[in-house]
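The whole structure should be built from the sequences, with the hints applied where relevant.
Spelled out from the first residue to the last, the chains are:
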Amino acid sequence: MSASPTGMRATPDVVVTFPTTRSALTAEAACKEAQVPGRLIPLPPALGAGCGMAWALDADALPTFLALAEKRSLVYEKVCDMQEPSAEGSRSCS
Amino acid sequence: MRYLNCAATSHVRPPAVTQAVLAAFTNGGSYGRGGYGPDLDAAREVERTRNDLARFFGAAAERVCFTANATMSLNVALSGLLRAGDHVIATDWDHNSVLRCLTRLERERGIRSSFVPAHADGTLDLATFENLFEPSTRVVVITHASNVTGEVAPVANMAEIAHAHGALVVVDAAQTAGMLPCTLAEIGADVVCATGHKALMGPQGTGVLIAGDTADIQPLLCGGTGTDSINTAQPDAWPERLEAGTLNVPGIAGLGAGVRWIEERGLAAINAHENALIDRLIDGVSELSGVHLYGPAARGERPNTPIVSLTVDGWDCGVLADELARRYRVMTRAGLHCAPRMHRALGTEKSGTVRFSLGALSTELDVDAAVAALAELVGGGR
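First to last, the sequence lines map onto chains A and B.
Its first residue numbered 1, the first sequence is counted upward by one per residue in the working numbering.
Its first residue numbered 1, the second sequence is counted upward by one per residue in the working numbering.
Rather than coming from a laboratory, the hints here were simulated on the basis of the structure.
Derived, one-sided and incomplete: chain A residues facing chain B with beta-carbon distance under 8 Å: (1) L25; (2) P42; (3) G52.
Pulled from the structure, derived: some chain A residues nowhere near chain B, Cβ distances all over 10 Å: (4) T11; (5) L66; (6) M82.
Beta carbons: idealized from backbone N, C-alpha and C, even for Gly.
As structure tokens, this is what we get:
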């Protein structure tokens with residue numbers, strides 16, 4: 001899969017969802033400060049009929065993100081694997 | 001032109017505020033309505049301001065909710081806290097933003113209101129305060145500083161008493177936020193309601209509601225938040241809980257610039273500047289014949305917010321304010337200042353007063369011009 005100009009694949013490996021716009025923006029600011037790769041994207045429709053923003057990242061950056069989230073008490077809802085849809089087409093989220 | 005109506009709005013604002021408004025308006029993005037480009041920039045700007053306000057008011061950032069003004073903040077707070085059968089204690093200092101909201105809630109929900117009376121000299125009758133509590137008293141709403149006399153209420157002491165009775169404290173900081181310390185902890189508030197366009201130096205159409213974790217405020221408005229759209233109920237999560245509809249991003253950007261300007265200058269320096277100006281104003285007008293001052297100024301005390309109300313023998317207040325504006329370009333405000341109970345206590349319910357109010361960017365020239373104009377109009381010294 002081709003990489004985007006930011007170095008991340010156009011279809012992300014992992015998407016993290018948030019309960020509020022503020023929590024998404026707070027995560028973005030924390031990741032930038034800690035140089036954890038990723039970017040904010042519109043919430044993919046596959047993750048629900050809601051709207052809002054999500055944090056997209058490569059799979060190999062996930063452990064670093066989760067460690068940062070714990071350290072900084074970042075508020076997020078779900079971590080979704082975007083590469084392995086279930087038989088019903090939904091995504092596996094934890 | 002000399003603008004001595006800063007208790008109504010700042011009028012003169014730091015250039016950084018205008019620049020921030022223009023930049024956000026030119027950018028044109030909307031908060032939480034897109035995860036890219038201008039919308040993302042707008043969201044970042046709003047959250048930057050939210051963080052600044054959280055620091056300024058000593059609150060958790062997610063508990064800083066944007067509104068259109070202090071009136072809206074107070075309506076959201078009171079409507080969102082008071083339930084059928086609740087009792088609320090307010091004060092004679094309160095603005096119609098509190099009084100009219102309570103009147104509506106009395107009619108629609110059957111709440112009951114009691115008021116801490118003001119004496120004829122404008123001070124609150126605090127001896128009465130503790131006697132007003134009932135088992136059903138859920139909220140005490142306190143005006144931090146009177147918009148008529150500039151006097152500051154002993155809000156922390158009142159909050160301590162309210163909390164001892166199990167009541168929540170809502171503070172109307174319309175006249176103090178940006179002038180005096182207003183952190184939740186310092187003033188003992190569970191909710192602080194403030195406007196952005198007065199001492200916080202932001203644009204009109206901005207306000208904030210700052211909630212401590214003790215305040216479970218139910219939403220007044222319901223609508224789009226840009227999140228959880230499948231859910232037709234208003235989200236519980238803060239700040240979306242109290243932020244239905246499109247936010248005023250240019251205004252919020254300007255408000256952020258205003259708060260940062262205040263922090264750079266320092267509240268203590270602003271307060272010292274304003275105290276010096278109000279002393280100068282009181283000294284000047286006290287010497288004039290037929291002038292009657294109200295509140296602390298009449299008692300030989302400094303009001304602690306830069307407001308002085310006066311009447312002049314033989315002058316209708318509206319005519320006096322009009323003459324000051326028309327002949328001398330000195331802008332004041334005549335009337336009841338949306339505070340009818342306070343004017344009733346002061347004995348000026350029928351006449352009103354002429355209010356002179358200053359701000360962080362007021363100058364000695366403003367004060368001297370106002371005093372000279374008033375002296376010429378009313379005929380000089382005693």
